[in-house]
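Student: Using the sequences and the hints given, assemble the complete structure.
Residue numbers (our numbering), protein chains in the order written: chain A, 1 to 246; chain B, 1 to 348.
Just so you have them, the derived chain B footprint on chain A, three or more residues with Cβ under 8 Å:
hint	stretch
1	75-84
2	97-111
3	130-141
In silico SDA-like links for lysine to any residue, alpha-carbon gap of 25 Å or less:
hint	chain 1	residue 1	chain 2	residue 2
4	A	K139	B	K338
5	A	K139	B	G23
6	A	K139	B	A331
7	B	K338	A	G114
8	A	K139	B	Y315
Simulated from the structure, these hints should not be mistaken for lab results.
Where is the CB? At the ideal position from N, CA and C, for every residue including glycine.
Next come the chains, spelled out residue by residue.
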Amino acid sequence: MTAPVLQPLLEVENLAVSFGALNVLEDVELAVPRGQAVGIVGPNGAGKSTLLSAISGVEPVTRGTVRLGGRDVTRASAAQRCRLGVGRSFQIPRPFGDLTVFENVLVGAQRGGGLRGTHAREQALTALETTGMLPVANKPAGGLPLLGRKRLELARALATAPELLLLDEIAGGLTESEADELVGTVLSLKEAGVTILWIEHVVKALVQVVDRLVCLAYGRIRVDGDPHKVLASPEVAEVYLGGTTA
Amino acid sequence: MTAQTTAVVSPAAPSVLPAVRRGGLAAVLGLTGTLLVLLVMASLPYVVDNGVTTQLVKLCYLIALASMWNLLAGYAGMVSMGQQAFIGLGAYTLFVVNDHGINVYAGTLVVSAVVALIAWPVSYIAFRLRGGYFAVGTWVIAEVVRLIVVRFDSLGAASGRNITTITAEPVLRQAYTYWLALAVMAAALLGTYLALRSRLGLDLQAIRDDETAAGSLGVNVTRGKRIIYIAAAGGCAAAGAVICVNSLGVASPSQIFGVQYTALMIFMVVIGGIGTVEGPVIGALVYFLLDKYFAQSGVWYLVVIGAAAIAVSLYLPRGLWGTLAHRTGFAIFPVTHKVLQTTRRDEA
Numbered sequence: 001m002t003a004p005v006l007q008p009l010l011e012v013e014n015l016a017v018s019f020g021a022l023n024v025l026e027d028v029e030l031a032v033p034r035g036q037a038v039g040i041v042g043p044n045g046a047g048k049s050t051l052l053s054a055i056s057g058v059e060p061v062t063r064g065t066v067r068l069g070g071r072d073v074t075r076a077s078a079a080q081r082c083r084l085g086v087g088r089s090f091q092i093p094r095p096f097g098d099l100t101v102f103e104n105v106l107v108g109a110q111r112g113g114g115l116r117g118t119h120a121r122e123q124a125l126t127a128l129e130t131t132g133m134l135p136v137a138n139k140p141a142g143g144l145p146l147l148g149r150k151r152l153e154l155a156r157a158l159a160t161a162p163e164l165l166l167l168d169e170i171a172g173g174l175t176e177s178e179a180d181e182l183v184g185t186v187l188s189l190k191e192a193g194v195t196i197l198w199i200e201h202v203v204k205a206l207v208q209v210v211d212r213l214v215c216l217a218y219g220r221i222r223v224d225g226d227p228h229k230v231l232a233s234p235e236v237a238e239v240y241l242g243g244t245t246a
Numbered sequence: 001m002t003a004q005t006t007a008v009v010s011p012a013a014p015s016v017l018p019a020v021r022r023g024g025l026a027a028v029l030g031l032t033g034t035l036l037v038l039l040v041m042a043s044l045p046y047v048v049d050n051g052v053t054t055q056l057v058k059l060c061y062l063i064a065l066a067s068m069w070n071l072l073a074g075y076a077g078m079v080s081m082g083q084q085a086f087i088g089l090g091a092y093t094l095f096v097v098n099d100h101g102i103n104v105y106a107g108t109l110v111v112s113a114v115v116a117l118i119a120w121p122v123s124y125i126a127f128r129l130r131g132g133y134f135a136v137g138t139w140v141i142a143e144v145v146r147l148i149v150v151r152f153d154s155l156g157a158a159s160g161r162n163i164t165t166i167t168a169e170p171v172l173r174q175a176y177t178y179w180l181a182l183a184v185m186a187a188a189l190l191g192t193y194l195a196l197r198s199r200l201g202l203d204l205q206a207i208r209d210d211e212t213a214a215g216s217l218g219v220n221v222t223r224g225k226r227i228i229y230i231a232a233a234g235g236c237a238a239a240g241a242v243i244c245v246n247s248l249g250v251a252s253p254s255q256i257f258g259v260q261y262t263a264l265m266i267f268m269v270v271i272g273g274i275g276t277v278e279g280p281v282i283g284a285l286v287y288f289l290l291d292k293y294f295a296q297s298g299v300w301y302l303v304v305i306g307a308a309a310i311a312v313s314l315y316l317p318r319g320l321w322g323t324l325a326h327r328t329g330f331a332i333f334p335v336t337h338k339v340l341q342t343t344r345r346d347e348a
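Tutor: Next comes the structure, spelled out in structure tokens:
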């Protein structure tokens, strides 16, 4: 299923991101075939969010290449990448506070989705329905509680009709049933053919969706493979629990 | 948020999506009402005394200026302290256009286009700065423009200039000037409204609230800001041309390139309600009336203006119109989208 016969949708090669002297990411190699769902785990400060930002074009890369469907997008802006099919949610939600929830999502449908008029509105409404945000569609986004803001992040990303969806900790703080609901939503997106890259601390939710798990620590990919094998690997235990194998 | 926890969530589920309305009847009524008011205003020179229209010229260009600053700061998040660059350029470009034999009324249109063209390269300099630096930077740009204009002796150098050819007959000239001012105001208002109802309008508000998020949703941030910066420059230039026509010239470059215009614009927009189409109109009206009745009161004039600004900032931070609109949801120029919720949810 993951045989690299076709061009992978996302290729990250030799990627490095530095903030001044601090190397946040180094030598990151990642190829994600179309339709695959990849989870990313790792301790705080491992560079997970920075990796998503480098892929989505929010963070300029210091070195390396990001390719989307074989096309080099390393120098492309976040807006260009979005129009090429990259949708992302931010870990710390960034709603357009003075716009309504619907309008927040409509921005994504109109620009990222490249739609106009009724088509854009329908896509925005569908994204709201998918994420259960329809009842608060007319509320100003700035007044949403954290949970609502997180859902809005997902709704906005969906409205851009992404081929590659980058999710950054959208399950944190959810109740059991809400998490199940979210897993259902992400699974159905996956079934619809969306390629997913998902950072999540709620591993229980993550493993229900992903085909593959990547463990990132200290700016490098430590383990990459089958989710259960990765979770059971000594490297992951070491990364999370500290180096006990002295 | 709790109401829909039982709803089945599935992107594949075909369902009837609710309708989206943007003002609906209110939008039609608002626009019709506005056109009627404009029509009545346009007929005033036939009805009322010259003195009335003379005063209304000022109100018209104040509304135009306030609308432009609101578009920049209230919708696109660009707090410019340097719009006087374009007001002054508008007045001075009018001299040049007029010297080339174009009458001042039609010339205003040319002025607007020329200054917009000048604003295009200027935006590349201004956009290198952000936030407070942008504000100060635009002010510096305005000073630089003034210093360049002053170097031209043909433009009166440092001592201002008169318009060479203008309608000689005073009553007719007054009527023409008034119609020009009215046209500029109408264009500024309706232009703002139409821009805000377009896709660009939503982009701008997204940019204002969070540039990074807007970019990540596919919004071309710089392009949106540039379009508005250039449009606002053209609008301010037209207002500058009106100011110039109204006083038959420019008293001094430091007056027309003065930062007091920016202070005035901020005052009007904040009093009326930043980020609403109607707010600048209300703010301009308030300033116009304060100016009319207190301008002769010397220092008390400034005290009243200052007190009004402080009172509104403290007690009505959304401004007069902004507060009303927020409490009642009323709008003459509805820009926001409303999703009409159906009862479908209750069955779920």
